[in-house]
Amino acid sequence: DAGVTQSPTHLIKTRGQQVTLRCSPKSGHDTVSWYQQALGQGPQFIFQYYEEEERQRGNFPDRFSGHQFPNYSSELNVNALLLGDSALYLCASSLSRRGTNQPQHFGDGTRLSIL
Amino acid sequence: QKEVEQDPGPLSVPEGAIVSLNCTYSNSAFQYFMWYRQYSRKGPELLMYTYSSGNKEDGRFTAQVDKSSKYISLFIRDSQPSDSATYLCACQGGSEKLVFGKGTKLTVNP
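Taken in sequence, the protein lines are chains A and B. Going left to right, the first sequence walks through residues 1 to 115 as this note's numbering numbers them. Going left to right, the second sequence walks through residues 1 to 110 as this note's numbering numbers them.
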């Protein structure tokens with residue numbers, strides 16, 4: 001039973017460039033959330049996708065955008081990269097059930113470095 | 001004030017010790033409380049998932065939630081060097097968004 005998989009594992013970009021990160025959810029899960037984890041900090045919520053729609057968004061600028069595909073996989077896009085975007089980007093998946101929360105399971109992340 | 005506060009440590013204990021990790025939170029809407037373990041260069045791994053107040057035990061791990069004081073704890077009994085990691089508490093309200101503490105770095109010395 002495959003867990004959450006993310007690609008690539010590492011990425012180096014320069015300021016102003018654009019990046020796309022990818023996530024495949026755990027088998028049976030239909031909801032994908034993205035988090036940014038700066039060094040020495042806890043993860044910060046970016047947004048969540050369910051049924052191919054952005055269901056909730058955290059306090060991140062419009063440079064951060066995403067997409068969910070019919071097979072539940074997801075992409076995170078970041079435009080006009082800044083030095084401060086250097087972080088570990090984590091994808092978490094869960095199963096949405098009406099009336100109850102389900103735990104989120106994380107992948108190992110993509111480490112993004114901006115030069 | 002941050003919604004979830006967690007002492008970042010670091011915390012260093014001898015093998016076999018009982019470890020106590022704690023978080024406080026400010027948002028009364030939080031109903032679900034989690035502890036994740038994160039090894040270096042890995043993603044967070046779910047350890048405990050609890051709803052509302054009370055205790056939950058799983059092997060050497062016990063999670064406690066006290067909603068009246070907005071205080072959550074994780075106890076690790078008979079700690080092992082393999083428990084050395086960063087421990088993250090997380091809270092969740094009616095929305096699906098998780099709100100994390102900064103994490104506590106734990107080292108268990110053989």
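Keep in mind the hints are simulated off the structure, nothing from the lab. Bear in mind that the values here come from a model prediction, so they are computed numbers and not experimental data. Backbone N, C-alpha and C define an ideal beta-carbon position, used for all residues, glycine too. Treat the hints with caution; some may be incorrect.
In silico PhoX-like pairs for lysine-lysine, Cα to Cα no more than 25 Å straight-line [to be verified]:
1) A:LYS13 / B:LYS42
2) B:LYS42 / B:LYS105
3) B:LYS42 / A:LYS26
4) B:LYS70 / B:LYS42
5) B:LYS42 / B:LYS67
6) B:LYS2 / B:LYS67
In silico contact screen, one side only, chain B against chain A (beta carbon under 10 Å); selected entries [said to hold, decoys possible]:
7) TYR32
8) GLU45
9) TYR49
10) SER53
11) LYS56
12) TYR71
13) PHE75
14) GLN92
15) LYS97
16) VAL99
17) LYS102
Here are the in silico distance ranges between beta carbons for each label pair [unchecked claim]:
18) A:ILE12 / B:GLY9: 24 to 32 Å
19) B:PRO81 / A:GLU52: 23 to 31 Å
20) A:ASN79 / B:SER12: 40 to 48 Å
21) A:SER96 / B:GLY54: 22 to 30 Å
Would you check whether LYS97 (chain B) satisfies its interface hint, that is, whether its CB is within less than 10 Å of any CB in chain A?
-> Hint holds; LYS97 (chain B) Cβ to chain A Cβ min 5 Å, cut 10 Å.
Minimum beta-carbon distance criterion (10 Å), TYR71 (chain B) to chain A | 17 Å, violated
Starting from LYS42 (chain B), check that the Cα of LYS67 (chain B) is at most 25 Å away, please.
-> 31 Å, violated
Hint check: is the beta carbon of PHE75 (chain B) less than 10 Å from a beta carbon of chain A?
-> 20 Å, violated
With respect to the beta-carbon atoms only, verify the hint that SER96 (chain A) and GLY54 (chain B) lie 22 to 30 Å apart.
-> 25 Å, holds
CB of ILE12 (chain A) to CB of GLY9 (chain B), is that within 24 to 32 Å?
-> 30 Å, holds
Double-check GLN92 (chain B) for me: the hint is only fine if its C-beta lies closer than 10 Å to a C-beta in chain A.
-> 6 Å, holds
Cut-off 10 Å, beta-carbon criterion: hint that TYR49 (chain B) touches chain A = At 5 Å from the nearest chain A Cβ, TYR49 (chain B) passes the 10 Å test, so the hint holds.
Restraint status (C-alpha distance of LYS42 (chain B) to LYS26 (chain A) at most 25 Å) | Measuring from Cα to Cα gives roughly 16 Å; hence the hint holds.
Take a quick look at whether LYS13 (chain A) and LYS42 (chain B) sit within 25 Å of each other, Cα to Cα.
-> Holds, because 21 Å separates the two Cα atoms, which is no more than 25 Å.
LYS56 (chain B) as chain A interface residue, shortest Cβ-Cβ below 10 Å = 13 Å, violated
Is it true that the CA of LYS42 (chain B) sits at most 25 Å from the CA of LYS105 (chain B)?
-> 14 Å, holds
Hint check: violations occur at hints 4, 5, 10, 11, 12, 13 and 19; the rest are consistent with the structure.
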